[in-house]
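As you go down the protein sequences, you meet chains R and Z in turn.
Whatever position you read off the first sequence (first residue = 1), add 155 for our numbering.
Whatever position you read off the second sequence (first residue = 1), add 155 for our numbering.
Honestly, the hints are just simulated from the structure, not real lab data.
Computed from a predicted structure; not experimentally measured.
Only true hints are included.
Since copy identity is lost for identical chains, a pair holds within one copy or between any two.
Cross-link-like lysine-lysine pairs, in silico, DSBU-like; alpha carbons within 35 Å at most:
(1) LYS229 <-> LYS483
(2) LYS345 <-> LYS239
(3) LYS229 <-> LYS199
(4) LYS171 <-> LYS463
(5) LYS402 <-> LYS365
(6) LYS463 <-> LYS402
(7) LYS345 <-> LYS483
(8) LYS345 <-> LYS463
(9) LYS365 <-> LYS229
(10) LYS345 <-> LYS193
(11) LYS171 <-> LYS345
Protein chains: 2
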Amino acid sequence: MTKEIVLALDAMGGDKAPDMVIKGANIARVRHPQVRFKFFGDSKAIDPVLNRFKRLKPVSSVHHAEEVVEDDLKPSVALRQRRKSSMRLAIDAVKTGDADGIVSAGNTGAMMAFAKLSLRTLPGINRPAMVSVFPTERSECVMLDLGANIDCDSVTLVQFAMMGEVFARNVLGVHEPTVGLLNIGTEELKGNETIRQAAAILRDADLPIKFHGFIEGNDIAAGTVDVVVTDGFAGNVALKTAEGVAKLYIEYMRSAFRRGLLSRIGFLLARPALRALRDRVDPRAYNGGTFLGLNGVAVKSHGGTDHKGFANALSVAVDMIEQGVNPKIIEELERVNLDDVPDIARAAV
Amino acid sequence: MTKEIVLALDAMGGDKAPDMVIKGANIARVRHPQVRFKFFGDSKAIDPVLNRFKRLKPVSSVHHAEEVVEDDLKPSVALRQRRKSSMRLAIDAVKTGDADGIVSAGNTGAMMAFAKLSLRTLPGINRPAMVSVFPTERSECVMLDLGANIDCDSVTLVQFAMMGEVFARNVLGVHEPTVGLLNIGTEELKGNETIRQAAAILRDADLPIKFHGFIEGNDIAAGTVDVVVTDGFAGNVALKTAEGVAKLYIEYMRSAFRRGLLSRIGFLLARPALRALRDRVDPRAYNGGTFLGLNGVAVKSHGGTDHKGFANALSVAVDMIEQGVNPKIIEELERVNLDDVPDIARAAV
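The whole structure should be built from the sequences, with the hints applied where relevant.
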């Protein structure tokens, strides 16, 4: 029998909370019958919605939280002034062992700050990273960091590489994931010192990783590697730029099909295929940015998502827990000695 | 009468050189009858092709160059060992005043190195930037730097903003271009110190610029601003990521239209509209990354482009020259005193 899993949900996070959170949990309940849900938030708002889902209610509990973390609140303010928020209490449930993972569609910066404070990082990890999965011409790839860390030293990038590799292997099921370091050229001398040091370590330090080398921005969607490693600034720029271009293309296509009668008829005939295309690039399917490197499973759903997207974020959390991604990261890091690594890096530059 | 313009062309740069260069010039000749062409490169390769274009030949001259800059040659090696290359000699023609501008589809890094060495930067400019034009949901935007400078201080970013603004106004014809600084969030406290300093200067230094504030990656394609300012690392990542996603979407669309008979018929009916879409996103239309901030017009065409794309790069050079972009940048910079600016920046952080 599958082991029971408990997910703590920030019922107040996201544009359409709490409805979207509860409806999302109801979808996840069918997909993952082994999951129980703890909803944190305003019980007066949660209870009436939860009462409508007869099968979800028996596997759920509601934990009242007086405060909500607003979307535009600075993380530092949230840390000091939202200690009784739904987000904070849900994260704490993972810390105390009352839950196996937390999912929130709320303020990303605040979630990272609370999670770092409450859960701490895994042994051997300097900083947690934000990771997500993207569609590529070949299949899918994992990219990290997506914005949690603006400046990263070379050892931090190497830790990202190892965490991303474990994630790709265990959550995406890639046999021997290849890892690429995002740069602005593929030659060894490209990029700044940090990135060249990180490449030297990944190449020479005998890590249990298939290092492809440097990649460029176009390699992300091309699917050149399974794991894209970058600092949080470039990663966030790549993520958001990709979202913008995808939106632009869908808009272009829409207006193309509005040009004249024949185009409209053509659109009607091709509609099933175009629907399949839309599903293929549906951002909801790729919803659920995980914080990797924390001593606990914490998944961030897009704030603007609906219940289907939120259900997918819940699935990411379930996969992380059932595949034991965190224990495997610890194991992997114990096998390598990153203490030797600065010497390799120094020698390389 | 329009003043005569002389363009120096690196006839050996690009995958399909020299044919593509000469055919491109032949298209540009019709568009811009005021232009004369100087082809630099292996005269034995150039002459037979040029002889086929009866109307191009009388407005062209061939200048033999013994050496070629290979695509994968390091810029530092090119500087030392390709002093007699077609690229170097074409750039020198601008320096000596024998040409008004240079266009090459060759090695980007080598072109930047030669151009910096030979042409030097404009007075008041620390570093040249690479700039290009991108389609957006609203119309078009200018982005810089696209990869010439990995690390940029705040004053350099401010100079990029001013150069980009002059370019948007004079080459794109935007009345009062808005300028945005690429960041990973739009709140004032986001990003690293350099970027926050640059924002403070753009906001407080009374520059002749409409500063929008921080933008994120998705704002590029959304067309939130007319000028996107960023360092060369993030700019190159954004540029290449956008190229990759565009390619992915076109591939998705192709495979959607191959699904079943109805889709194929739908495709045939919608074909004219889809062709219009393709033209709208044709990378050849946006070919021609300009080096801004050099004491001379130097345009870099994509190495993989064809003659139509190369002709567009030639048009960018003609526009830059005829609109007097460089004199206008100098004029703009003379009007402001960037010496005061470090104080504003220091006060802001």
